[in-house]
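Novice: The chain contents come next:
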Amino acid sequence: EAGVAQSPRYKIIEKRQSVAFWCNPISGHATLYWYQQILGQGPKLLIQFQNNGVVDDSQLPKDRFSAERLKGVDSTLKIQPAKLEDSAVYLCASSLTRLAGEITYNEQFFGPGTRLTVL
Amino acid sequence: RKEVEQDPGPFNVPEGATVAFNCTYSNSASQSFFWYRQDCRKEPKLLMSVYSSGNEDGRFTAQLNRASQYISLLIRDSKLSDSATYLCVVPNTGGFKTIFGAGTRLFVKA
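In order, the protein sequences belong to chains A and B.
Using this note's numbering, the first residue of the first sequence is number 592, and each one after it goes up by one.
Using this note's numbering, the first residue of the second sequence is number 259, and each one after it goes up by one.
Honestly, the hints are just simulated from the structure, not real lab data.
Predicted, not measured: the structure shown is a model, and the values here were computed from it.
Glycine included, C-beta positions come from ideal geometry on N, C-alpha and C.
Check each hint, because a few of them may be wrong.
Okay, derived cross-link-like pairs now, SDA-like style, lysine to any residue, Cα gap no bigger than 25 Å in a straight line [unchecked claim]:
id : chain 1 : residue 1 : chain 2 : residue 2
1  : A       : Lys-606   : A       : Pro-703
2  : A       : Lys-635   : B       : Gly-274
3  : B       : Lys-367   : B       : Gln-327
4  : B       : Lys-260   : A       : Lys-606
5  : B       : Lys-300   : A       : Leu-651
6  : B       : Lys-355   : A       : Asp-654
Facing chain A, from chain B, some residues (calculated, C-beta under 10 Å) [stated by the list, open to error]:
id : residue
7  : Val-347
8  : Gly-361
9  : Phe-365
What follows is a list of derived Cβ distance ranges for each label pair [unchecked claim]:
id : chain 1 : residue 1 : chain 2 : residue 2 : range
10 : B       : Arg-259   : A       : Glu-676   : 19 to 29 Å
11 : A       : Lys-606   : B       : Thr-276   : 21 to 31 Å
12 : A       : Glu-698   : B       : Leu-338   : 22 to 32 Å
13 : B       : Pro-266   : A       : Ser-649   : 19 to 29 Å
Turn these sequences into a full structure, and let the hints guide you.
Specialist: Set out below in structure tokens:
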């Protein structure tokens, strides 16, 4: 089974430039997540999609970050304009969220990430 | 209280040792929990899921204490290859938002 695909793997840009990341989740996974992971910290959820609808984007800096998941499959995350503090690894994950009784099963599987450096 | 807190580490242990990490959470309604392993410059990989009182897989045991609101990860007979960062994950109420802990770094030495 193919895993979560992300591109590019690395990106170096100057501050105030724009950048976009792409993610292709595992086939059949309805839930897609974008995380930001700064060195030495755990992943921070930026946005979560259920099919093509947004479930949570409370931690997405909406003045500069945007994300979309057209047709409920692939997703793109954009930063415009980038700041120095955006330097991080951007991880995409997907899960086959299912509800059984009171328990939500949503094991997430991660892509390799995009390492962004803003100079 | 933070939503998810982990032992800060790092833990430095010899091969063959038993080591345990704790993770406390604030949302008492959480029903499912996860431990992920993350190697340096790699993505997190699912290690164990915990849906009831605990789970065991070979040398790894995860236990859930709902009364005290923490989960633990026990690694027996540590191997050099166990050296990694271990991330605790707790969903919020309803399970639709996941919160990662900051991770605990483990170094296993020969």
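Novice: Give a verdict on every hint.
Specialist: Evaluation of the provided hints:
| no. | hint | in the structure |
| --- | --- | --- |
| 1 | A:Lys-606 x A:Pro-703 | holds, 24 Å |
| 2 | A:Lys-635 x B:Gly-274 | violated, 33 Å |
| 3 | B:Lys-367 x B:Gln-327 | violated, 31 Å |
| 4 | B:Lys-260 x A:Lys-606 | violated, 32 Å |
| 5 | B:Lys-300 x A:Leu-651 | holds, 23 Å |
| 6 | B:Lys-355 x A:Asp-654 | holds, 22 Å |
| 7 | Val-347 | holds, 8 Å |
| 8 | Gly-361 | holds, 5 Å |
| 9 | Phe-365 | violated, 15 Å |
| 10 | B:Arg-259 x A:Glu-676: 19 to 29 Å | holds, 26 Å |
| 11 | A:Lys-606 x B:Thr-276: 21 to 31 Å | violated, 47 Å |
| 12 | A:Glu-698 x B:Leu-338: 22 to 32 Å | holds, 27 Å |
| 13 | B:Pro-266 x A:Ser-649: 19 to 29 Å | holds, 26 Å |
In the structure shown, a violation is registered for the earlier hints numbered 2, 3, 4, 9 and 11, in ascending order.
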